[in-house]
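Q: Residue strings, one per chain:
Number of protein chains: 2
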Amino acid sequence: MGGAYGLRRSETGPCLLQLGGAAAMLLIRTTARSCWALQGVPRVAAGACTPWIPTHTHGTWSGSSHSGRSSWRRRATAVGALLGLGSALAYGGHCRQTAQAESSPQDTVLGPFPLYTREEVGRHRSPEQRVWVTHGREVFDITDFLDLHPGGRSKILLAAGGALEPFWALYAVHNQAHVRDLLREYKVGELHPEELTAPAAADDPYAGDPPRHPALHVNSLKPFNAEPPGELLGEHFLTPPELFFKRNHLPVPHVDPDAYCLKVEGPGGRTLSLSLQDLQRRFPKHEVTATLQCAGNRRSEMSRVRPVRGLDWGISAISTARWGGVWLRDVLADAGFAEEPESQRHVCFEGLDQDLTGTAYGASIPFYQAMSARADVLLAYEMNGAALPRDHGFPLRVVVPGTVGARNVKWLGRIWVSAEESPSHWQRNDYKGFSPGVDWDTVDYTTAPAIQELPVTSAITDPPPGATVASGEVTVKGYAWSGGGRGVVRVDVSLDGGHTWQVAEMQGEQQPPGQVWAWKLWQLTAPVPPGTTELDIVCKAVDASYNVQPDTVGPIWNLRGVLSHAWHHVRVTVAEE
Amino acid sequence: MGGAYGLRRSETGPCLLQLGGAAAMLLIRTTARSCWALQGVPRVAAGACTPWIPTHTHGTWSGSSHSGRSSWRRRATAVGALLGLGSALAYGGHCRQTAQAESSPQDTVLGPFPLYTREEVGRHRSPEQRVWVTHGREVFDITDFLDLHPGGRSKILLAAGGALEPFWALYAVHNQAHVRDLLREYKVGELHPEELTAPAAADDPYAGDPPRHPALHVNSLKPFNAEPPGELLGEHFLTPPELFFKRNHLPVPHVDPDAYCLKVEGPGGRTLSLSLQDLQRRFPKHEVTATLQCAGNRRSEMSRVRPVRGLDWGISAISTARWGGVWLRDVLADAGFAEEPESQRHVCFEGLDQDLTGTAYGASIPFYQAMSARADVLLAYEMNGAALPRDHGFPLRVVVPGTVGARNVKWLGRIWVSAEESPSHWQRNDYKGFSPGVDWDTVDYTTAPAIQELPVTSAITDPPPGATVASGEVTVKGYAWSGGGRGVVRVDVSLDGGHTWQVAEMQGEQQPPGQVWAWKLWQLTAPVPPGTTELDIVCKAVDASYNVQPDTVGPIWNLRGVLSHAWHHVRVTVAEE
Chain F
59 MGGAYGLRRS ETGPCLLQLG GAAAMLLIRT TARSCWALQG VPRVAAGACT
109 PWIPTHTHGT WSGSSHSGRS SWRRRATAVG ALLGLGSALA YGGHCRQTAQ
159 AESSPQDTVL GPFPLYTREE VGRHRSPEQR VWVTHGREVF DITDFLDLHP
209 GGRSKILLAA GGALEPFWAL YAVHNQAHVR DLLREYKVGE LHPEELTAPA
259 AADDPYAGDP PRHPALHVNS LKPFNAEPPG ELLGEHFLTP PELFFKRNHL
309 PVPHVDPDAY CLKVEGPGGR TLSLSLQDLQ RRFPKHEVTA TLQCAGNRRS
359 EMSRVRPVRG LDWGISAIST ARWGGVWLRD VLADAGFAEE PESQRHVCFE
409 GLDQDLTGTA YGASIPFYQA MSARADVLLA YEMNGAALPR DHGFPLRVVV
459 PGTVGARNVK WLGRIWVSAE ESPSHWQRND YKGFSPGVDW DTVDYTTAPA
509 IQELPVTSAI TDPPPGATVA SGEVTVKGYA WSGGGRGVVR VDVSLDGGHT
559 WQVAEMQGEQ QPPGQVWAWK LWQLTAPVPP GTTELDIVCK AVDASYNVQP
609 DTVGPIWNLR GVLSHAWHHV RVTVAEE
Chain S
59 MGGAYGLRRS ETGPCLLQLG GAAAMLLIRT TARSCWALQG VPRVAAGACT
109 PWIPTHTHGT WSGSSHSGRS SWRRRATAVG ALLGLGSALA YGGHCRQTAQ
159 AESSPQDTVL GPFPLYTREE VGRHRSPEQR VWVTHGREVF DITDFLDLHP
209 GGRSKILLAA GGALEPFWAL YAVHNQAHVR DLLREYKVGE LHPEELTAPA
259 AADDPYAGDP PRHPALHVNS LKPFNAEPPG ELLGEHFLTP PELFFKRNHL
309 PVPHVDPDAY CLKVEGPGGR TLSLSLQDLQ RRFPKHEVTA TLQCAGNRRS
359 EMSRVRPVRG LDWGISAIST ARWGGVWLRD VLADAGFAEE PESQRHVCFE
409 GLDQDLTGTA YGASIPFYQA MSARADVLLA YEMNGAALPR DHGFPLRVVV
459 PGTVGARNVK WLGRIWVSAE ESPSHWQRND YKGFSPGVDW DTVDYTTAPA
509 IQELPVTSAI TDPPPGATVA SGEVTVKGYA WSGGGRGVVR VDVSLDGGHT
559 WQVAEMQGEQ QPPGQVWAWK LWQLTAPVPP GTTELDIVCK AVDASYNVQP
609 DTVGPIWNLR GVLSHAWHHV RVTVAEE
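Sequence order for the protein chains is F and S. As numbered in my numbering, residues 59 to 635 make up the first sequence, in order. As numbered in my numbering, residues 59 to 635 make up the second sequence, in order.
Please keep in mind that the hints were generated in silico from the structure rather than gathered at the bench. Be careful, since some hints might not be right.
Estimated spans, in silico, between C-beta atoms of each pair [as the list claims (entries may be wrong)]:
| # | chain 1 | residue 1 | chain 2 | residue 2 | range |
| --- | --- | --- | --- | --- | --- |
| 1 | F | A265 | S | D594 | 20 to 28 Å |
| 2 | F | T504 | S | P399 | 28 to 36 Å |
| 3 | S | G209 | F | T504 | 32 to 40 Å |
| 4 | S | P342 | F | E345 | 56 to 64 Å |
| 5 | F | R364 | S | A477 | 50 to 58 Å |
| 6 | S | E531 | F | T504 | 21 to 29 Å |
| 7 | S | E567 | F | P481 | 26 to 34 Å |
| 8 | F | E563 | S | Q402 | 20 to 28 Å |
| 9 | S | E635 | F | T505 | 50 to 58 Å |
| 10 | F | E177 | S | Q402 | 56 to 64 Å |
| 11 | S | P399 | F | C319 | 24 to 32 Å |
| 12 | S | Q565 | F | Q568 | 40 to 48 Å |
| 13 | F | H312 | S | Q402 | 43 to 51 Å |
Glycine included, each C-beta is placed from N, C-alpha and C at the ideal position.
Whenever a hint applies, use it, and build me the whole structure from the sequences.
A: Printed below as a string of structure tokens:
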């Protein structure tokens, strides 16, 4: 039994998770932390769930599958290779093995255990409160294992109070018998059977939002805005979609892909209507690896200078994916538009996500950019080789490489060309940068241009702030990116607060000059000067136009807390020798 | 007698200056400070020059001219209006009036005066040494006038030890009878008649270099590299060509425009040969206002952190002109090339300037940029409406808007397309940026990309460092610019070293988004906090991609001292109330 996950919209209630070719389905809850844990649990009988206890897996798909989904699998395998993510596939393999494991008696733990709710488990998130996790329906107290965890205490603590499965999905190494044996030693209870189903919240416009990965740090639940821990973000050149930062302005719309229709208003009042199938059949498919970043990424550093209005993003409102779809310019040409290098018009996008008044999310980009053969603007229906997840715009979104996330309109419904920028609030009265002296009494949104291309930035993803690093030698990791296709050409790292600098090693996809849409991950291993007890680790990047990051946050402070791209500092303690 | 200046090449010796339709010519010297003064002096008889004493002039060309140069004059008038430079035209008018003045007895000062050499005059450049200037062949001691100068002491001191004419050419207000009457009161001598001719330096490869404006601060005489004082630079949106920074790598070549031939190597070995007339007749003329900046601009700030190798540029290795010529893409298309947005080839340029081994200056730009309808790359034969001056590439140069000066190859001789960047030293082994930790023992030029687009920068042109400003209110002026067509969208100015910021007013030509090739001049008038005795004035600019300048120079220090674009500081004293 193959285990491919897909989302299917329910007309009447919460989202359904469908397990591969199996008919097993399960109603899931929509809170961020609890829902994911349920995804791996096939419903084999009404009201009772079989514990999901993984067995040994090699983490790859078998070529001998006889289901009808082999082409999907081949694609997934290719994408997995591209991702460097054996783990993502391993998660799939792991699910598949689960079904076989159900009849495997040696994996079943017997005996009377106390029953807990997820909420009760969730209260155990630190060594002081004891650290509990769940796996299947079993509950474990792993406090005494924290310092024994080969991946480090900080990584295992990401799962504290919640389910292990989403993390094991990312780290395939856990899918081994001895790991499960080890875990069994820490079992303290089981989840209450009622925990495995959840009622729908009928009146909540966000009730239909999709499940999310519990590793995400949630900045706002409704609308959902969340980012992964820096340590996880920095591990993948292509961010696994479940970890890709989520930046929603409104509830995630339910879109039936079969009924989906993109409206493109052409010149002279003619409107082109394109189904998803039209888009996929009539236009050639293209793929682009592009990093998206929210204008508010790293806002928390700015709000430490002076309060700002906005979601308190850390360093991870930035992620990278390989997007697949059709060129926007091909669609616009089909609608009757020709390239006009001197045009000062705009291409406006409207999403299918709406507020209670029916106002949709919207944004625009310059017409010349939309039509440029070098700007690579996509109407994307794939992310890392699979259909767009709902949180990322299923079934179709705009991907404007090198341009602030806010213009990459998700759940795309309508495109038109205008002499003016999009009338949307988010184009005209938000996502603009101001001088540090401008406050809410003096701000005039007409005086600043909309943020489109973003400035050069970088951040340290590992070690995390406050960590203790070994003496002798330290390894620092991070990301670096710049807007407008201006690839990062160098990352300087300092261990002494910016007094001396060393050049980091960079890795990333080779992209043509001027079209470097993806970030670089970087790494520096350097000796820790003997006798040092603390390090103020700093990074700064240089892009292809030799623009650099500003030294400090204060002078770029702005009332909305956008464009926070100063040097990134991480202060750590050096362990005594 | 009309007075249009033109340069005519001498086959055998130094440069000749030709005065309008008149046959009067004069051999001139080639040192930076002394040559300009001679330009206005017609040689009416061998070995003897008539003093050039201006009379009242209205500073405009007469429409009743009967010479064959009226179309040139119309163009010059139009350009003058464009420049906001009555002064430039006034200088011409002034020259014209000179001839009439020769017979005007009331302008002649009689009496026996001591004779001086220019060198002797040049020793009088400060109040301590007394401040002398020349006008025509007369010598004046203006020390006692310094504080009476309506334009301020600092401006008149620019002419100390040299000739007034080049400055009066820029400031037409001086061309009035009462100014000359006033000057006459300070007369202390006359120039020795031998000073008005100069021998040719036969063996000097730089002997044929053109005359330059004495206001320029000379960083290197051979090759000639010089910049205007910041105060003068900041006064003109279009920099008068005589003040436009000069950045020569080699002697200025003598090019006969009638014999000039541009070689364009097309695909398949076909070479296009284009005379200047071919270029002007076969391709449409286009004009672009673009700022050029040397990669080494503001290097002196970097060398104050740690020594660097390179010319010690102040803040003025940046200037703006309106360039006229033909699109490079039109010429390349004529040579057989088609647009290829995905091409990773390069268009290589070679100048006619050569070193003693015959190696020419060279550089390259990406092919896609050369062919882009939005990149506006020009082969320019005009600068501010007149033929290119010799120092700026006569008769033809490349103008690559938004790209470092070094790629704007002057005296263009040859163009070809290559899979590789230009093999030139200046493309491959210079004009690259490195980390502050890289020194001459560790530098590897293959590890850094060639500087092409430049980062955002700004500087304060007025007040100058060390000035005393009035209490009450201060006016700060400067320029701001960014590469890649990313126009400056805001300039922040601080009077307190960067603690608080105010937004400056900007002025400049309206250019389309993404094609903002010209700088912005900016100004801020702000109260000086009572009791303040010193100001640390700072400016920083933000460009259309919201890139900003780094706070400090140290962390962007590099061994070649390029890309010095940190905040600019000017410290001044506040006068007691």
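Q: Now, for every hint given, state plainly whether the structure supports it.
A: Here's how the hints hold up against the structure:
For A265 (chain F) paired with D594 (chain S), a C-beta distance near 57 Å fails the hint of 20 to 28 Å. At about 34 Å, the beta-carbon gap between T504 (chain F) and P399 (chain S) stays in the expected band of 28 to 36 Å. Remark: the range hint 32 to 40 Å for G209 (chain S) to T504 (chain F) is upheld by a beta-carbon distance near 38 Å. For P342 (chain S) paired with E345 (chain F), a C-beta distance near 39 Å fails the hint of 56 to 64 Å.
For the pair R364 (chain F) and A477 (chain S), the supplied restraint of 50 to 58 Å holds, since their beta-carbon distance comes to about 52 Å. Checked against the hint of 21 to 29 Å, the pair E531 (chain S) and T504 (chain F) passes, with Cβ atoms roughly 28 Å apart. Taken as a hint, the range 26 to 34 Å holds for the pair E567 (chain S) and P481 (chain F), whose Cβ atoms sit roughly 29 Å apart. For E563 (chain F) and Q402 (chain S), the Cβ-Cβ distance of about 24 Å falls inside the hinted range of 20 to 28 Å, so the restraint holds.
At roughly 34 Å, the beta carbons of E635 (chain S) and T505 (chain F) sit outside the given window of 50 to 58 Å. With their beta carbons about 57 Å apart, E177 (chain F) and Q402 (chain S) fall inside the hinted range of 56 to 64 Å. Distance hint check: the CB atoms of P399 (chain S) and C319 (chain F) are about 31 Å apart, consistent with the given range 24 to 32 Å. At roughly 43 Å, the beta carbons of Q565 (chain S) and Q568 (chain F) sit within the given window of 40 to 48 Å.
With their beta carbons about 44 Å apart, H312 (chain F) and Q402 (chain S) fall inside the hinted range of 43 to 51 Å.
In summary, the structure is inconsistent with hints 1, 4 and 9 from the numbered list given earlier, while agreeing with the others.
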